[in-house]
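Here is what each chain is made of, one letter per residue.
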Amino acid sequence: AQSVTQLDSQVPVFEEAPVELRCNYSSSVSVYLFWYVQYPNQGLQLLLKYLSGSTLVKGINGFEAEFNKSQTSFHLRKPSVHISDTAEYFCAVRFQGAQKLVFGQGTRLTINP
Amino acid sequence: DAGVIQSPRHEVTEMGQEVTLRCKPISGHNSLFWYRQTMMRGLELLIYFNNNVPIDDSGMPEDRFSAKMPNASFSTLKIQPSEPRDSAVYFCASSFLTGQGRTEAFFGQGTRLTVV
Numbered sequence: 001a002q003s004v005t006q007l008d009s010q011v012p013v014f015e016e017a018p019v020e021l022r023c024n025y026s027s028s029v030s031v032y033l034f035w036y037v038q039y040p041n042q043g044l045q046l047l048l049k050y051l052s053g054s055t056l057v058k059g060i061n062g063f064e065a066e067f068n069k070s071q072t073s074f075h076l077r078k079p080s081v082h083i084s085d086t087a088e089y090f091c092a093v094r095f096q097g098a099q100k101l102v103f104g105q106g107t108r109l110t111i112n113p
Numbered sequence: 114d115a116g117v118i119q120s121p122r123h124e125v126t127e128m129g130q131e132v133t134l135r136c137k138p139i140s141g142h143n144s145l146f147w148y149r150q151t152m153m154r155g156l157e158l159l160i161y162f163n164n165n166v167p168i169d170d171s172g173m174p175e176d177r178f179s180a181k182m183p184n185a186s187f188s189t190l191k192i193q194p195s196e197p198r199d200s201a202v203y204f205c206a207s208s209f210l211t212g213q214g215r216t217e218a219f220f221g222q223g224t225r226l227t228v229v
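Protein sequence lines correspond, in order, to chains A and B. Under our numbering, the first residue of the first sequence carries the number 1, and numbering increases by one thereafter. Under our numbering, the first residue of the second sequence carries the number 114, and numbering increases by one thereafter.
Please keep in mind that the hints were generated in silico from the structure rather than gathered at the bench. Heads up, the beta-carbon is just placed ideally off N, CA and C, and yes, glycines get one too. Hints may be right or wrong, so weigh each one.
[As the list claims (entries may be wrong)] If we take Cβ atoms under 7 Å as the criterion, some of the chain B residues that face chain A in the derived model are: (1) Gly-129; (2) Glu-196; (3) Ala-218; (4) Phe-220; (5) Val-229.
[Unchecked claim] Below, a list of computed lysine-lysine pairs in the DSBU-like style, where the Cα atoms sit at most 35 Å apart: (6) B:Lys-137 - B:Lys-181; (7) A:Lys-49 - A:Lys-69; (8) A:Lys-58 - B:Lys-191; (9) A:Lys-69 - A:Lys-58; (10) A:Lys-69 - B:Lys-191; (11) A:Lys-49 - B:Lys-191; (12) B:Lys-137 - B:Lys-191; (13) B:Lys-191 - B:Lys-181; (14) A:Lys-49 - B:Lys-137.
Could you put together the complete structure from these sequences and hints?
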């Protein structure tokens, strides 16, 4: 079955600390991977995407993610978070040949001063 | 481009009333998606269109929900009659899809629906 799992529903971290938000997927075909961010009362905004090539992709606001095919993961990282990073983060997968994006359940990132 | 435009941003209606949500996708995009977001169920895909044709409506919760895309620049999601459990944020997204599906979806700001 094709699915996306975000293992943590909430992640609290202190300001300037590093953070990793986890995403795993299950698929028998190739995948295209995305991370979206949703600020309060806003729509979803693309942070970064992996389509092919280098497995380490860099996005906006200092975020990066690494595609690991053997572990079927696409974890999101930032070396030092800011209060303004408080938001919900969604991992999404488009399976090759499919038209729709499948979203994980989301991870709420809370930054404490 | 102004991005995906949804209207209204907020809608409060009484149970039993008809509600129509509107979406204007990004010009040139060939696919349009309607999602619903709730605390309990997260982001759910309701229906999506490709070249104005509904491709998969398996996420539409029941017959009270219907969606149309009369042309490439406009889509509606209608709920008739509305119920309190339909209260949610409804997002529209558009994308330009090739056969490989290598592109992201662009989201509107959403419509927050409250049914009282």
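Here's how the hints hold up against the structure:
1. With a cut of 7 Å, the hint placing Gly-129 (chain B) at the interface with chain A is violated, because the nearest CB-to-CB distance is about 27 Å.
2. For the restraint placing Glu-196 (chain B) at the interface with chain A, the shortest Cβ-Cβ distance is roughly 24 Å, beyond the 7 Å limit, so the hint is violated.
3. The restraint placing Ala-218 (chain B) at the interface with chain A holds, with a minimum CB-CB distance near 5 Å, inside the 7 Å limit.
4. Here the hint on Phe-220 (chain B) is kept, as its CB sits about 4 Å from the closest CB of chain A, short of 7 Å.
5. Interface hint at Val-229 (chain B): violated, since its Cβ lies 20 Å from the closest Cβ of chain A, which is beyond the 7 Å cut-off.
6. Note on Lys-137 (chain B) and Lys-181 (chain B): the hinted pairing holds, with a Cα-Cα distance of about 12 Å set against a maximum of 35 Å.
7. Taking the CA atoms of Lys-49 (chain A) and Lys-69 (chain A), the gap is near 15 Å; set against the 35 Å cutoff, the hint holds.
8. The suggested pairing of Lys-58 (chain A) with Lys-191 (chain B) is violated, with an alpha-carbon distance near 39 Å, which exceeds 35 Å.
9. Taking the CA atoms of Lys-69 (chain A) and Lys-58 (chain A), the gap is near 17 Å; set against the 35 Å cutoff, the hint holds.
10. Annotation: proposed proximity of Lys-69 (chain A) to Lys-191 (chain B) is violated, straight-line Cα distance about 41 Å (limit 35 Å).
11. Proposed proximity of Lys-49 (chain A) and Lys-191 (chain B) is supported: the alpha carbons are some 32 Å apart, at most 35 Å.
12. Of the pairs offered as hints, the one joining Lys-137 (chain B) and Lys-191 (chain B) holds, with about 15 Å between alpha carbons and a cut-off of 35 Å not exceeded.
13. Annotation: proposed proximity of Lys-191 (chain B) to Lys-181 (chain B) holds, straight-line Cα distance about 8 Å (limit 35 Å).
14. Of the pairs offered as hints, the one joining Lys-49 (chain A) and Lys-137 (chain B) holds, with about 24 Å between alpha carbons and a cut-off of 35 Å not exceeded.
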